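Trainee: Be aware that the sequence shown starts at 1, since it is given in full-length UniProt numbering, and climbs by one per residue.
The reader is advised that the hints may include incorrect statements.
Only pairs whose alpha carbons sit at most 25 Å apart, straight line, appear in this in silico DSS-like list of lysine-lysine [stated by the list, open to error]: (1) LYS193 - LYS108; (2) LYS384 - LYS515; (3) LYS384 - LYS186; (4) LYS237 - LYS201; (5) LYS193 - LYS237; (6) LYS42 - LYS193; (7) LYS143 - LYS108; (8) LYS186 - LYS42; (9) LYS186 - LYS237.
Bear in mind the hints are in silico, worked out from the structure with no lab data behind them.
Here the structure is a predicted model, which means the values were calculated and not measured.
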Amino acid sequence: MSGGRLSLLIIGGYGTFGGRLARLLGDEPRLRLLIAGRSLEKADDFVAELRSPRGWTGRLGGNDLGAWLQAVAFDRDGDLIEQLTRLRPDLVVDASGPFQSFGEDPYKVVRACIGLDIDYADLADSTGFVAGISGLDAEARAKGTFALSGLSSLPALSFAALAAMAPQFSRIESVAAGIAPSAHVKIGLNVVKAIASYAGKPVALLREGRPAAGSGLIDDMRVTIAPPGVAPLASRKFLLVDAPDLALLPQHVPGLQSTFTGVGTEPQALQRLLGLAARLVRFRLLPSLRPFSRVLQEASHGFALGAHRGGMFVRAGGLDRDGRRITSSWDLIAEGDDGPFIPVIGVEALVRRLLEGIRPQSGARPAAGELSLADFEAAFRRFKITSGIRLDYEEEPPPLYRRILGSAWQQLPPALAAIHAGGTRLASGRARIERGGGLLARLVAGVIGFPPAGDDVPVAVRFAADGDREIWTRSFGAKTFRSWQAAGTGRERHLLAEVFGPFRVLLALVPEGRKLRLVVRGWRFCGIPLPLSLAPGGDTYEEERDGRFHFHVEIGGRLTGLVVRYSGWLVLE
Numbered sequence: 001m002s003g004g005r006l007s008l009l010i011i012g013g014y015g016t017f018g019g020r021l022a023r024l025l026g027d028e029p030r031l032r033l034l035i036a037g038r039s040l041e042k043a044d045d046f047v048a049e050l051r052s053p054r055g056w057t058g059r060l061g062g063n064d065l066g067a068w069l070q071a072v073a074f075d076r077d078g079d080l081i082e083q084l085t086r087l088r089p090d091l092v093v094d095a096s097g098p099f100q101s102f103g104e105d106p107y108k109v110v111r112a113c114i115g116l117d118i119d120y121a122d123l124a125d126s127t128g129f130v131a132g133i134s135g136l137d138a139e140a141r142a143k144g145t146f147a148l149s150g151l152s153s154l155p156a157l158s159f160a161a162l163a164a165m166a167p168q169f170s171r172i173e174s175v176a177a178g179i180a181p182s183a184h185v186k187i188g189l190n191v192v193k194a195i196a197s198y199a200g201k202p203v204a205l206l207r208e209g210r211p212a213a214g215s216g217l218i219d220d221m222r223v224t225i226a227p228p229g230v231a232p233l234a235s236r237k238f239l240l241v242d243a244p245d246l247a248l249l250p251q252h253v254p255g256l257q258s259t260f261t262g263v264g265t266e267p268q269a270l271q272r273l274l275g276l277a278a279r280l281v282r283f284r285l286l287p288s289l290r291p292f293s294r295v296l297q298e299a300s301h302g303f304a305l306g307a308h309r310g311g312m313f314v315r316a317g318g319l320d321r322d323g324r325r326i327t328s329s330w331d332l333i334a335e336g337d338d339g340p341f342i343p344v345i346g347v348e349a350l351v352r353r354l355l356e357g358i359r360p361q362s363g364a365r366p367a368a369g370e371l372s373l374a375d376f377e378a379a380f381r382r383f384k385i386t387s388g389i390r391l392d393y394e395e396e397p398p399p400l401y402r403r404i405l406g407s408a409w410q411q412l413p414p415a416l417a418a419i420h421a422g423g424t425r426l427a428s429g430r431a432r433i434e435r436g437g438g439l440l441a442r443l444v445a446g447v448i449g450f451p452p453a454g455d456d457v458p459v460a461v462r463f464a465a466d467g468d469r470e471i472w473t474r475s476f477g478a479k480t481f482r483s484w485q486a487a488g489t490g491r492e493r494h495l496l497a498e499v500f501g502p503f504r505v506l507l508a509l510v511p512e513g514r515k516l517r518l519v520v521r522g523w524r525f526c527g528i529p530l531p532l533s534l535a536p537g538g539d540t541y542e543e544e545r546d547g548r549f550h551f552h553v554e555i556g557g558r559l560t561g562l563v564v565r566y567s568g569w570l571v572l573e
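The task is simple: from the sequences and hints, build the whole structure.
Mentor: In structure tokens, the structure reads:
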């Protein structure tokens, strides 16, 4: 360490991911941060921006950076020994790329670091590069240094999530993982180049326990990312990408039968066009999509449509300790601009552990399994990032709301959990009802059978299990109306579907303190999907007050205005 500080050289330090890593570590006074790249001018500009109040996120407290910052020029094709000797880093982090195109000697930076007793880590997403670094293991062990490759979302975070789910299994047979970036995040050119390099080309994976070849950006699977307790991302298709997990999983999971890693971008229409372009490569009408990387990048930037949310999933299937077939899924959603910090959180965790004197074992290896999920979750708490694990048994499905909420079920107050415990239940109480006065509102209320307005109206609700759904029969005074609820499937997975007559409303169940909010995420009329902007909605929630179940339901929309609002309480009989 130089002057009592850990000296960290970030190659690509002013780039997409290197820059975010510098921002995360900039508060640490025990660090000497060397922001490196081929352009000293760009490095200088970035350091100046980072030092300014407007360049600092303020996420870690205040506007004053605690790290010692220096912009330096670094050329990976130059004299590496001379450059590293002059800069004297304790740790080199390679945040550049694309690692798929590092030429005939892809590990020259790693070997130079090992030779000079410098520790090394990178954010590589290239299967060959990450898997091949183990060839330098003996050299690194002899020197007492470590070299960790792929300390990013795939494979470091994905393997940490898989390790957290593994205790539920006696045997894991399938593993799938995927990343869904927000459409509003500006994807770096090197990331696009990496993806374009294998579009339409064979990607090695497992099928039925045997090595097989998938087709990059052509093979797909549909997934709904839905961490317990938050509104899920829109269901989407994930296209196969060549990620390190595909090579590493068979080594870490005995008896594995199938693997998949994918990317699911929005808007999906643009992704479908990308898939069509990949087919041109597959049928040899184009040699590669890599020459079109900049065009693809500009297209992704130009069609920033939809919610500013991103996510990630890891899904495992197999048998539990009692031989029952189960599926476990770890899902993550990041709000706004927080998602792009996820790929560098692993390196940040490594650096902070080093500052506390906690070193990885010496040797060169992929970063799969190097960090625990708890290491990542500790960092997530500083962001608007939510993650969690669901466990589904193919037999003996749990009650409807518990099935949809997953581990977030544990957040429900006792009165709410009792109402949604499954089976046939009867509850009674009192309610206040308001009705909208517009013609269309009255028409909709009449079609569904909503009760008339009234104060202190006696109410009774019968909840009856009917296969995979629940039938709710509500009686307000002398007026009765009925709806049924079920867990969404396919595109509606992890949502609650409630059907009132010809209307089907899709709801996200979101625990919030002592409340359970029901947030409208879609709707249909006679099976026809309708715009979400016109969906019936309002402030709808359940809560526990004074030990009793309370409800507040608003139904209305832009076209109808208020249709009905009813609130009150229930107790089980």
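Trainee: For the pair supplied as a hint, LYS237 and LYS201, confirm whether the alpha-carbon distance does not exceed 25 Å.
Mentor: 19 Å, holds
Trainee: Has the given pair, LYS42 with LYS193, been kept, meaning a C-alpha gap of at most 25 Å?
Mentor: 21 Å, holds
Trainee: Need the status of pair LYS186, LYS42: alpha-carbon distance at most 25 Å?
Mentor: 19 Å, holds
Trainee: Taken at face value, is the distance from the CA of LYS515 to the CA of LYS384 at most 25 Å?
Mentor: 20 Å, holds
Trainee: Please verify whether LYS193 and LYS108 have alpha carbons no more than 25 Å apart.
Mentor: 21 Å, holds
Trainee: Under the criterion that the straight-line Cα-Cα distance not exceed 25 Å, is the pair LYS384, LYS186 satisfied?
Mentor: 18 Å, holds
Trainee: For the pair supplied as a hint, LYS193 and LYS237, is the alpha-carbon distance within the 25 Å limit?
Mentor: 21 Å, holds
Trainee: Within 25 Å, alpha carbon to alpha carbon, are LYS186 and LYS237?
Mentor: 20 Å, holds
Trainee: Between the alpha carbons of LYS143 and LYS108, is the straight-line distance 25 Å or under?
Mentor: 16 Å, holds
Hint violations for this structure: none, all hints satisfied.
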